[in-house]
Amino acid sequence: MSDTPTPPEPENVESPEKSKRKVAIFGRNFSVGALAAWIGLFALLALLAVGMLRNQEGPVTVGETVPDFTLTTFEGEQISLADLKDKVVVLNFWASWCKPCEEEAADLETAWRIYEPGGEVVFLGVDYVDTETEAQIYLEKFDITYPNGPDLRTKISQAFRIRGVPETYIIDKNGKLAAFKISPFLSLAEIQGMIDPLLAVQN
Amino acid sequence: MMINRRSFFIIYVILVLISLTGILLPLDGALAQEISPSGPTDDEVNAIAKQLYCPVCENIPLDVCPTQACTQWRELIREKLTEGWKEDEIKNYFVAQYGDRVLAAPPARGLNWLVYIIPPLAIVGGGYILYRALKAWKQVPPVSEEESQSFAEQDDEYAARIEEELRRR
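Residue numbers (our numbering), protein chains in the order written: chain A, 1 to 203; chain B, 1 to 169.
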């Protein structure tokens, strides 16, 4: 037994066990824990970036292929956009609590009755964030006969990235967005003015 | 030394998780309600409404939202309560109709888990970093007698060099 004090172990000298848990990247040593933390942080930032980019995406633009969707009508019928190829589709977003929607409701129904016999145009009403009871009262009030259904889980409105109601999207026979209206139509002529040029175009 | 540090960390994590669980658990139980025979009261409707958010009026809970859309939603809750629906059934109905975003607290599935995992992880991680920093700060090794003597010798050597330089000028 000696009285000589043992020299303190230097702090910066690591035991072999510790140094094994280090990973060298770009000439720098990282412990496995630190590396995992950095990877986690970068993954989180990447997720945030993707989310922010998605939020900044604007609405569907003219000429762009419209996202496919399936509308389940209040009667339970399922209508898929993919099944409406070779037809012009008028997709109207509305709600019973939306006063401006009432301004165009009658004109939309009149337009539908004009185009329905030709079979080239399909009108679809998407009821946005509404209750079925109020929606049915609205449909009855304006005697709307074209297919209408709720925007279940707001999937259709999110796919079109709508900003409010009413909004109407006119889809050409090739499934591309031909025109849109971000406010109520002011007249029947305005609706026809958007649809007629598309009927003249051959597929 | 290593065992102590690890056990301290584990205890710290457990304490944080217990405290978080203690904060979160009472939320569910406190909201169970009985519906009176005369029909649901406004309070009963609002107890559910305050857990929902209408996508039209973002960031305003349904119980205090003044728009017509929200009034209709509250009426829908009243209808469902009158029909004998339970709170969870009503909330599930709203989710099925309008999506997860109507819920005040996102359901714990998929990427939503991040919302529940990251804050406690950040607290635990931050606490650990703080603990390490404080420990490192506290354990600055005292200068031994030998080292201080060596510093003094070095000082003398430098002082002698400076003196010599000054003498040369």
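Simulated from the structure, these hints should not be mistaken for laboratory data. Since this is a predicted model, take the numbers as computed values, not measurements. One should not assume that every hint holds.
Keeping only pairs whose Cα atoms sit at most 30 Å apart, straight-line, the calculated DSSO-like set for lysine-lysine is [as the list claims (entries may be wrong)]:
#, chain 1, residue 1, chain 2, residue 2
1, A, Lys173, A, Lys87
2, A, Lys85, A, Lys155
3, A, Lys141, B, Lys80
4, A, Lys22, A, Lys87
5, A, Lys141, A, Lys87
6, B, Lys135, B, Lys86
7, A, Lys181, A, Lys87
8, A, Lys99, A, Lys181
9, A, Lys176, A, Lys85
10, B, Lys86, A, Lys22
11, B, Lys138, A, Lys155
12, B, Lys91, A, Lys155
13, B, Lys50, A, Lys99
14, A, Lys181, A, Lys155
15, A, Lys99, B, Lys80
16, B, Lys91, A, Lys22
17, A, Lys176, A, Lys87
18, B, Lys91, B, Lys50
19, B, Lys80, A, Lys155
20, B, Lys91, A, Lys99
21, A, Lys99, A, Lys141
22, A, Lys141, A, Lys181
23, A, Lys173, A, Lys155
24, B, Lys86, A, Lys155
25, A, Lys99, A, Lys155
26, B, Lys80, B, Lys91
27, A, Lys173, A, Lys85
28, A, Lys181, A, Lys85
29, A, Lys176, A, Lys155
30, B, Lys50, B, Lys80
Okay, the hints, checked on the actual structure:
1. Lys173(A) with Lys87(A): Cα-Cα ~5 Å, so holds.
2. Lys85(A) with Lys155(A): 21 Å, holds
3. Lys141(A) with Lys80(B): 25 Å, holds
4. Lys22(A) with Lys87(A): Violated: Lys22(A) and Lys87(A) sit about 63 Å apart, past 30 Å.
5. Lys141(A) with Lys87(A): Holds, because 28 Å separates the two Cα atoms, which is no more than 30 Å.
6. Lys135(B) with Lys86(B): Outside the cut-off at roughly 53 Å; violated.
7. Lys181(A) with Lys87(A): 19 Å, holds
8. Lys99(A) with Lys181(A): 16 Å, holds
9. Lys176(A) with Lys85(A): 10 Å, holds
10. Lys86(B) with Lys22(A): 55 Å, violated
11. Lys138(B) with Lys155(A): 57 Å, violated
12. Lys91(B) with Lys155(A): Since the Cα atoms of Lys91(B) and Lys155(A) sit roughly 18 Å apart, the hinted pair holds (cutoff 30 Å).
13. Lys50(B) with Lys99(A): 26 Å, holds
14. Lys181(A) with Lys155(A): Holds: Lys181(A) and Lys155(A) sit about 20 Å apart, inside 30 Å.
15. Lys99(A) with Lys80(B): Roughly 26 Å separates the two Cα atoms, so the pair holds.
16. Lys91(B) with Lys22(A): Status violated; Cα separation ~49 Å.
17. Lys176(A) with Lys87(A): Cα-Cα ~11 Å, so holds.
18. Lys91(B) with Lys50(B): 11 Å, holds
19. Lys80(B) with Lys155(A): With Cα atoms ~24 Å apart, Lys80(B) and Lys155(A) stay inside 30 Å; holds.
20. Lys91(B) with Lys99(A): The given pair, whose Cα atoms are some 27 Å apart, holds under the 30 Å limit.
21. Lys99(A) with Lys141(A): Given that 30 Å is the threshold and the Cα spacing comes to 13 Å, the pair holds.
22. Lys141(A) with Lys181(A): Since the Cα atoms of Lys141(A) and Lys181(A) sit roughly 23 Å apart, the hinted pair holds (cutoff 30 Å).
23. Lys173(A) with Lys155(A): Roughly 23 Å separates the two Cα atoms, so the pair holds.
24. Lys86(B) with Lys155(A): 26 Å, holds
25. Lys99(A) with Lys155(A): 23 Å, holds
26. Lys80(B) with Lys91(B): 10 Å, holds
27. Lys173(A) with Lys85(A): Judged against 30 Å, a Cα distance of about 6 Å means the pair holds.
28. Lys181(A) with Lys85(A): 22 Å, holds
29. Lys176(A) with Lys155(A): This hinted pair holds, its Cα atoms lying about 19 Å apart.
30. Lys50(B) with Lys80(B): Roughly 16 Å separates the two Cα atoms, so the pair holds.
Of the numbered hints listed earlier, those contradicted by the structure are 4, 6, 10, 11, 16.
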